[in-house]
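Colleague: Take the given structure of chain F and dock chain Y to it, following the hints.
Going down the list, the protein sequences come from chains F and Y. All residue numbers for the first sequence refer to our numbering, where the first residue is 1 and numbers rise by one. All residue numbers for the second sequence refer to our numbering, where the first residue is 1 and numbers rise by one.
Derived by calculation from the structure, the hints in this document are not laboratory data. Be a bit skeptical, because a hint or two may be false.
Distance condition first, Cα-Cα at most 25 angstroms in a straight line; then the derived SDA-like pairs of lysine to any residue [stated by the list, open to error]:
#, chain 1, residue 1, chain 2, residue 2
1, Y, K69, F, F225
2, Y, K249, F, V122
3, F, K100, F, E293
4, Y, K51, F, E66
5, Y, K59, F, E247
6, Y, K69, F, V122
7, Y, K125, F, Y253
8, Y, K253, F, L130
9, Y, K150, F, L126
10, Y, K223, F, T62
11, F, K55, Y, T200
12, Y, K253, F, A152
Chain F residues, not near chain Y, derived (Cβ > 10 angstroms throughout) [claimed, not checked]:
#, residue
13, R20
14, V27
15, T28
16, V63
17, E66
18, L88
19, K106
20, V129
21, A134
22, A143
23, E184
24, L216
25, I235
26, R236
27, R288
Since this is a predicted model, take the numbers as computed values, not measurements. C-beta: ideal position from N, C-alpha, C; glycine also.
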Amino acid sequence: MSASIALPGATDRYEAPSTREPLWVKVTLITLALSFFAVFLLLPLGTVFAEALRKGWGTYLTVLVEPDALASIRLTLLVAAIAVPLNLVFGVAAAWAIAKFEFPGKRLLITFIDLPFSVSPVISGLIYVLMFGAQGWFGPWLAEHDVKIIFAVPGIVLATVFVTFPFVARELIPLMEAQGTEEEEAAVVLGASGWQVFWHTTLPNIKWGLLYGVILCNARAMGEFGAVSVVSGHIRGKTNTMPLHVEILYNEYNYAAAFAVASLLALLALVTLGLKALVERQANRQRREALRERAESSGE
Amino acid sequence: MKLKALFSVLAATALIGGNALAADVELLNVSYDPTRELYQDYNAAFAKYWKAKTGDNVKISQSHGGAGKQARAVIDGLEADVVTLALAYDIDAIADRNLIPQDWQKRLPHNASPYTSTIVFLVRKGNPKNLKDWSDLAKPGIEIITPNPKTSGGARWNYLAAWAYALQQPGGNEAKAKEFVGQIYRNVKVLDSGARGSTTTFAERGIGDVLLAWENEAYLSLKELGDKFEIVVPSLSILAEPPITVVDKVVDKRGTRKVAQAYLEYLYSPEGQEIAARNFYRPQDPKISAKYADKFVKTRLITIDQVFGGWRNAQKVHFSDGGVFDQIYAPGAKR
Numbered sequence: 001m002s003a004s005i006a007l008p009g010a011t012d013r014y015e016a017p018s019t020r021e022p023l024w025v026k027v028t029l030i031t032l033a034l035s036f037f038a039v040f041l042l043l044p045l046g047t048v049f050a051e052a053l054r055k056g057w058g059t060y061l062t063v064l065v066e067p068d069a070l071a072s073i074r075l076t077l078l079v080a081a082i083a084v085p086l087n088l089v090f091g092v093a094a095a096w097a098i099a100k101f102e103f104p105g106k107r108l109l110i111t112f113i114d115l116p117f118s119v120s121p122v123i124s125g126l127i128y129v130l131m132f133g134a135q136g137w138f139g140p141w142l143a144e145h146d147v148k149i150i151f152a153v154p155g156i157v158l159a160t161v162f163v164t165f166p167f168v169a170r171e172l173i174p175l176m177e178a179q180g181t182e183e184e185e186a187a188v189v190l191g192a193s194g195w196q197v198f199w200h201t202t203l204p205n206i207k208w209g210l211l212y213g214v215i216l217c218n219a220r221a222m223g224e225f226g227a228v229s230v231v232s233g234h235i236r237g238k239t240n241t242m243p244l245h246v247e248i249l250y251n252e253y254n255y256a257a258a259f260a261v262a263s264l265l266a267l268l269a270l271v272t273l274g275l276k277a278l279v280e281r282q283a284n285r286q287r288r289e290a291l292r293e294r295a296e297s298s299g300e
Numbered sequence: 001m002k003l004k005a006l007f008s009v010l011a012a013t014a015l016i017g018g019n020a021l022a023a024d025v026e027l028l029n030v031s032y033d034p035t036r037e038l039y040q041d042y043n044a045a046f047a048k049y050w051k052a053k054t055g056d057n058v059k060i061s062q063s064h065g066g067a068g069k070q071a072r073a074v075i076d077g078l079e080a081d082v083v084t085l086a087l088a089y090d091i092d093a094i095a096d097r098n099l100i101p102q103d104w105q106k107r108l109p110h111n112a113s114p115y116t117s118t119i120v121f122l123v124r125k126g127n128p129k130n131l132k133d134w135s136d137l138a139k140p141g142i143e144i145i146t147p148n149p150k151t152s153g154g155a156r157w158n159y160l161a162a163w164a165y166a167l168q169q170p171g172g173n174e175a176k177a178k179e180f181v182g183q184i185y186r187n188v189k190v191l192d193s194g195a196r197g198s199t200t201t202f203a204e205r206g207i208g209d210v211l212l213a214w215e216n217e218a219y220l221s222l223k224e225l226g227d228k229f230e231i232v233v234p235s236l237s238i239l240a241e242p243p244i245t246v247v248d249k250v251v252d253k254r255g256t257r258k259v260a261q262a263y264l265e266y267l268y269s270p271e272g273q274e275i276a277a278r279n280f281y282r283p284q285d286p287k288i289s290a291k292y293a294d295k296f297v298k299t300r301l302i303t304i305d306q307v308f309g310g311w312r313n314a315q316k317v318h319f320s321d322g323g324v325f326d327q328i329y330a331p332g333a334k335r
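Only chain F is shown next, with the shape it has when bound in the complex:
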């Protein structure tokens, strides 16, 4: 068992060159990658900020405090504030169950967690319309009890939760599987209760991976367009999230405002990237350590 995971202990950051391609191949490859990066990523990103600020900072700030824009920002924050914690709890629970226990249907559960990744966002939205829409399964009952889900905030939250729900679980499952159950078992033997095991043993071990998952989940929750568009109803000032508001403003020839709101989303992306890089390094270290410890302990 130990032989198959021998790599972490020996791996160094800088490996000896294992390839012997001539210089020109390297140069061509690097130039190609860098120019692709510049044209397809850097340029559009720059354009967003340039367009947003074309009419100056004054206009930029004015269009951002316009009531409909503010409403869209508020709604986006609200949706993320509900969806991310929900997925955090779900992700930890699912990862815990999958990594620490054996039960029938485990493989199936793992596959289903990935479902939102493989389904087109339009369908993610439509399933909720089909379930909770006026013509849907629960539509008549909901109408009778005056509960609004579709074309209101709950629908947007549901669609967002669905689309973002693999992020945390996906991040934690490999980490927790690598860590195994020895530490928890030790804690239990020493008399810790279930919660104590979780708070003092499991959580500290997974915190960086968890944070990484949460960051990705949050970025997607704020940026989701397709699924939310289907269930939103596009009522300005009420059910428009930031991505939807960008589209509306753009379609109204209001380019400065559209790009201003878009620049906020782009900023979010940049902050996410920064945080991600930071957390990723910590998360990787945590995983390497887990693997190394297991390798050592099983080798002894």
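Modeller: The following block gives chain Y in isolation, referenced to the frame of chain F:
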């Protein structure tokens, strides 16, 4: 004297007392794509009017999109107090789900259409491809931008206008019209889902030689995007009647029937008509119409009832699954 004044104040308070002071009402108007600017102006005017008349504050929210998509949303439960859509069929679809009575179009004057419009061509400055009429659009090498008739109301008007033109030509018949419209759609470069998307594709992204557009949308493009474009009015077009109605199920549930009704009726008032005309919709009121006569080019306009036997029929023949549009338009087909 003083006592009398006091008494009248008391009486007035008692009268209003029942429903508190100024009530706050909210309405949702679910509309199609190009009416954004129109209803932005109109909602402000109506709120002022309603405040003066009743003392209530009314706030109107807007939702815009392709007319078919919007009708679908209302059917699926989007709680619209009023719908102001691109064509009668989309409201018929709502009536078929019993949200409004079948005879909804009889409830307001002029087929429930307070303003009309027509379909024109928007071409690039100087009309470099020399496009004058529908027949020019069928020529090889012309790139046309129009939305998808399956999802957009305006696109269906575009399609039917071309069809009617072909029918009215000497020796025109259904088979020739099908051939003609097929040629036009083979020249379509981008098929967006709504009218505003098409306008953006043509005007902002610079794709295509000609945009088939609502007259109001074409004028708005000129206004918003400067004079990079010209409007060409074909020899024959279609009288587009975008209808409006209260959604009975919703207003009765929310108790907003009175204000919703007034909201629609005010569109027919001189003020409402003036706002429509200023936003490039053809007003119904003859006086306002005369005032803006120079804005709206006179051309031969056929109606949907004359040529296609009403919207239900047109929808069934042309735009249903496997209908004529599906037969002539295959995405990516060789021209």
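Colleague: Output the indices of the hints that this structure fails to meet, ascending.
Modeller: Going through the list in order, the structure violates hints 2, 20, 21, 22, 25 and 26 and respects the others.
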